[in-house]
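Undergrad: Spelled out, the chains give:
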Amino acid sequence: MTLIPNSETDAAYVIRNAASEGKKLALCGGNTRAGFGNAAEPAEMVSSTGLSGIVDYEPAEMVMTVKAGTPVAEIEAALAANRQMMAFEPMDHRGVMGTLGEPTIGGVFAANVSGPRRFVSGAARDSLLGIRFINGRGEPIRAGGRVMKNVTGLDLVKLLAGSHGTLGFLTEVTFRVLPVPQTVETIVISGLDDAAAAKAMAAAMALPVEVSGAAHLPQTVRFRFLGGGLPAGEATVLRIEGLDASVAVRAEKLAAVMEAFGPVSRLGLEESQTLWRQIRDVYPYSDGTLKPVWRVSIAPSAGHQLVAALRLEAGVDAFYDWQGGLVWMRMEADPEAELLRRYIRALGGGHATLMRASDAVRAQTQAFEPQPDAVAALSARVKQKLDPAGIFCPGKMG
Amino acid sequence: MQTNFTLAQLADPHVAESEQILRRCVHCGFCTATCPTYVTLGNELDSPRGRIYLIKDMLENGRAADEEVVTHIDRCLSCLACVTTCPSGVDYMHLVDHARIHIENTYRRPLIDRLIRNLLAAVLPYPARFRTALGFARLGRPFAPLLKRASALRPLGAMLDLAPRSPARASDSAKPGTRIPEAGKRGRVAILSGCAQPVLDPGINEATLRLLARLGVEVVVPEGEGCCGALVHHMGREEQALDFARRNVDVWTREIDKGGLDAIIITASGCGTTIKDYGHMLRLDPAYAEKAARVSGLAKDITEYLSTLDLPRLEPKRLNVAYHSACSMQHGQKITMAPKNLLKAAGFTVRDPGEGHLCCGSAGTYNILQPEISAQLKARKVRNIEATKADVIATGNIGCITQIASGTAIPILHTVELLDWAYGGPKPEKIPAR
Amino acid sequence: MADTIRFLKPREAVLSRRAAIIADLTDLLPPECLVHEARELVPFETDAFVSYRRLPLAVALPKTTAQVAAVMKYCHRYGIPVVPRGAGTSLSGGAIPQEDAVVLGLSKMSRILEVDYANRTATVQAGVTNLNISEAVGIDGFFYAPDPSSQLACTIGGNIGMNSGGAHCLKYGVTTNNLLGVKMVLVDGTVIELGGKHLDAAGYDLLGLVCGSEGQLGIVTEAVVRLIAKPEGARPVLFGFDTSEHAGACVADIIGSGIIPVAIEFMDKPAIEICEAFAHAGYPLDVEALLIVEVEGSEAEMEAMLKAIVEIAGRHGVKTVRESQSATEAALIWKGRKSAFGATGRIADYICMDGTVPLGKLSYVLNKTSEIVDRFGLRVANVFHAGDGNMHPLILFNANDPEDAARAEEAGNEILKLCVDAGGCLTGEHGVGIEKRDLMRHQYSEADLNQQMAVRSAFDEDWILNPSKVFPLDGRPAA
Ligand SMILES: Cc1cc2nc3c(=O)[nH]c(=O)nc-3n(C[C@@H](O)[C@@H](O)[C@@H](O)COP(=O)(O)OP(=O)(O)OC[C@H]3O[C@@H](n4cnc5c(N)ncnc54)[C@H](O)[C@@H]3O)c2cc1C
Ligand SMILES: Cc1cc2nc3c(=O)[nH]c(=O)nc-3n(C[C@H](O)[C@H](O)[C@H](O)COP(=O)(O)OP(=O)(O)OC[C@H]3O[C@@H](n4cnc5c(N)ncnc54)[C@H](O)[C@@H]3O)c2cc1C
Ligand code: SF4
Ligand code: SF4
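Protein chains in written order, with this note's numbering: chain A, 5 to 402; chain B, 12 to 445; chain C, 89 to 567.
It is worth saying that the hints were derived from the structure and are not from the lab.
None of the values given here were measured: they were computed from a predicted structure.
Honestly, I wouldn't trust all of these hints.
Stated by the list, open to error - In silico PhoX-like links for lysine-lysine, alpha-carbon gap of 20 Å or less:
| hint | chain 1 | residue 1 | chain 2 | residue 2 |
| --- | --- | --- | --- | --- |
| 1 | B | K269 | B | K196 |
| 2 | B | K345 | C | K423 |
| 3 | C | K395 | C | K407 |
| 4 | C | K357 | C | K423 |
| 5 | C | K151 | C | K196 |
| 6 | C | K318 | A | K257 |
The task is simple: from the sequences and hints, build the whole structure.
TA: As structure tokens, this is what we get:
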């Protein structure tokens, strides 16, 4: 059964009751993530979809407050009407996960979902200014506020962002938005292997041209983008956004430097928008299969080394976002969690999250990166302080 | 910030002045960042803000100085980087002067320390004694490592290390008299011969005299002038310092009355800072206050004075000069651009070493009294200078010249030596042949 | 000394063991790393919130993470409070000690450990100053973005402690948005690492929690921070207005138009005069309010942005517009702004408020602020980060007059409440410290505060880390 409270008071009541009875709850929004996280203990679902609607939107102040169950689509439409956007580019993962339904803004922040711009403009958690949530005692709690700068007390906002429904039930979120850039252009460098691409991307990021997207699309995935419309060879793509006048100048400058690495071509506004949306949504692996998909965050210069090392021992296909620091990997068969995580550690650390896999594989695989003992113990203590009875999605993150 | 003095305490003009200085400090901590001892030792007690606080506590409680306070005040270089940094205009210079006097009056130093300080105060300000002492020092050099092993004697070891390897030439640049320029007369100035500089490097004032003569400036080396008093002043020996000051004020006042002076030229910025402060030092002496203020007003660093003469621009020379701004120049006298502009106009390529605000560790007798910190600062300074890949180093203070020369193979000269050469003087011996 | 703000009663069990504690610390640390002589403790009794002072029990200045861990382990075992200290530039009293506390200063850990341009990161010890990082990477075309006005002196550890911001944070975000990882010593001496050169944490965002935790969750000994390529050019422009309201409204309009400059700073007349006297930056002296707006990027981009901004300013009756013409001039303009608080010391003592308000409320709050200050018979200078609504009224007073000091404190409290009531918060970047601790209930409900305190307890069950700060002294969880 799914409980759908339609006020904060109701939600608090539901949770307070569950806590007193020691009943486990699985928190969700649109539940489009079905099949993500560790296989959790069976629990009753509590959905935020009953808490929907924009509470306050001041385009001039670039701040929006909405109820947690508001569909992402509704928010994006309201923002688009004012030529604004969420800078962190939340992904739509329904394709890759093969799920249906309506993603909610609460789910976006609860999962700290961020797209290609993350490595320069910050993650979802960086845009999140304030929240209301119900803790595991059933108490409504407010954290943060609606102003950009706020260091009043402990930053529970960050803590709840990315907590995947294990610390509290979000009822309302306030976040910062930004103007949509006037225009977008993409520089494509063709024919670079992964290592050369890493060098090229690092060089681009060192230039004063404000690259806002840097991805590398190897041969195996390149044809999936833009309907196969990218030039032949591997594609290393760099995005430039901003005022018309300035994009032209910066793209020119960037292209000139990148020519030293390989043949350069350029994509205009519409193609750019499509391309970066496809990168954001992991389009190549939206393949209707249940082949294991990993999302790896690692130092940008180490991403390609990780893939090269894995290739020697496992069937793996990969492409890179965030200058090489975000590696999307699809495994042919076995998820190879042990191997993958060992290499990540050897390459200076990072984390791998299993995004997709068959139920059988999920049952045997840690979806989230296991943490060192001291940090895991600390995290457990933190969870205990928000959810003393351990009723929220037990087992999901640890 | 808040202060706690009784009216009785404030009746003492020194205390009253310090109170006003302390009131301005807002405890923002900016000054810690540019203080050479803080960046070296990482302890707030060895920072300006820490020292200000120690001094405040000592003065407010009307307490005699004690070992702790003395340790941290002694470590202060008096480089005055903190004064440049302080947005609030805290006059740390006069505060620490007051503290040093208070220490000298209320604290009995350990015997060895006392002996060394007495020795320095009795020798350095007097050229004849200093010259003799240097002779002994050369003989004593083999013992330096031995002395440095006993911590109380380390200053003596440091002293031996600093003595130049070969005796300086005898020079008549300090001989009293008036030098009439070859052609025309654009001005009349007095020049300070000083105490240690003519012994260590007479070439500096020789170059100054040549250059000024060529530029048509009449220069007087007055009879009876001596040490500016900075050395003893920084040891807190107020009476001795004031005696030096009074004597020089008398000498220059005589010259002013005689033929008028456009400036009193100083070629060692350490002395310049003190002479420019005579007005303040003697402000409570009714017989001298006015005269001293006039002298201070006339005191000019040689580069300040040269900047008023509109020297012609010369063809670029292919010589990279790292300009090291002495603390007494940039912080004490706030002269930052003039020396570099003169060097550039004379055709040199001027490079600014990194961390230019940090002291080289010379600081008067500091390299003798605090050899460890001084050595670390010297190493840091040399690293920064060598990173500029300069051919020569220019600076405006004899202390820095001695200190830096002992740490690098790059030749170091006084700015005026390069200028003299550029404007027709002989090529300084230290410049490498190419 | 002002004395309305209380500290925790010193733990008798600690005070009575003072000599033994110092003897034990002497075993744990090299001699130059421990300060305990009564006279030498005095300079550590306060930070830049100089109205309040407390002597510590001792000061430890460790040189390594291992020494920090040893001190923490020891203090934890005996229940000795610990107050972390960076450069002691906190304006909220965050680094002020207490009689039973060991101050743990990071000033001897001030090395830059690694600069990694391929990954655009710098790994530094906690005692490195903010500006040192930008200076170290500047010649290679990079910088570290958050730039508190105190950047010359304040440390990265302190920046993390307070989640510090600065003028250029309008575009680049504050500390938490530029911090990738820390090495940290927990209260019991355990050393952990959070984050690293990769983005986003595995598991809970403990890094986000630590940033801004005012030294209450652990001692940061190293940090990995993000470097950014320097823009091609940057140009501050001065806009002078006849009234503060016009300037405030102009700020809201600039942001509302979708233009986000790198910085929008506000100064009122008293602040302009103070800063000009120190920096000689050429600020106009014949206006009531001044905005420093900085744009950056290519020449074309700066031109386009400036054109739009000048037009908006025109609608608000701007009186003078002056573009900086050279790098030297730009540096002076910023030097003046960044020295504003210190320079205020030339004319009076001050306490600096730090509330943030929604941009639409800027003018309203400015007006109300002067009303409040007038009512208390005090003077105020305003100089602040207008682009993100982070206000810094400097309330001027005479610290040698206890009544004046008390009035200043009261006026400050009213102003902060005003900010909260206008939809903002008590502190935008300086932290709660002791200064705003007792106002926390004005912004948060009992449940909100209890939740924060509970999370704090997860890190430090006995509350020995910086215990007198942030949370009101009554109503804390029992250990
Ligand atoms: C393949 C895939 C890719 C993804 N990619 C990313 C990614 O790149 N980065 C990333 O950070 N996340 C990612 N996610 C997480 C994803 O769940 C979000 O994309 C989110 O938008 C889903 O919205 P929803 O309303 O359907 O949430 P749901 O699917 O209902 O829930 C998503 C998560 O958020 C929690 N949650 C939802 N609502 C609330 C609430 N009101 N209060 C508390 N917790 C709540 C749930 O417990 C669950 O853990 C991905 C998920 C999948 C399956
Ligand atoms: C003139 C002036 C201007 C200022 N301008 C700004 C500004 O523009 N923006 C801004 O945000 N702030 C500003 N500040 C405030 C202050 O500089 C910042 O809060 C700064 O980050 C403090 O750094 P610090 O090294 O001095 O830390 P401290 O003041 O020593 O400590 C600050 C807090 O952090 C904790 N802490 C310190 N080091 C560590 C560590 N290693 N591990 C854990 N906790 C630690 C302390 O316990 C304390 O709670 C200004 C201050 C002054 C005096
Ligand atoms: S910079 Fe000036 S005001 Fe600030 S602490 Fe130092 S002396 Fe005091
Ligand atoms: S004079 Fe120099 S050494 Fe002394 S406190 Fe000031 S900056 Fe430090």
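Undergrad: Enumerate the violated hints, using their earlier numbering and listing them in ascending order.
TA: none
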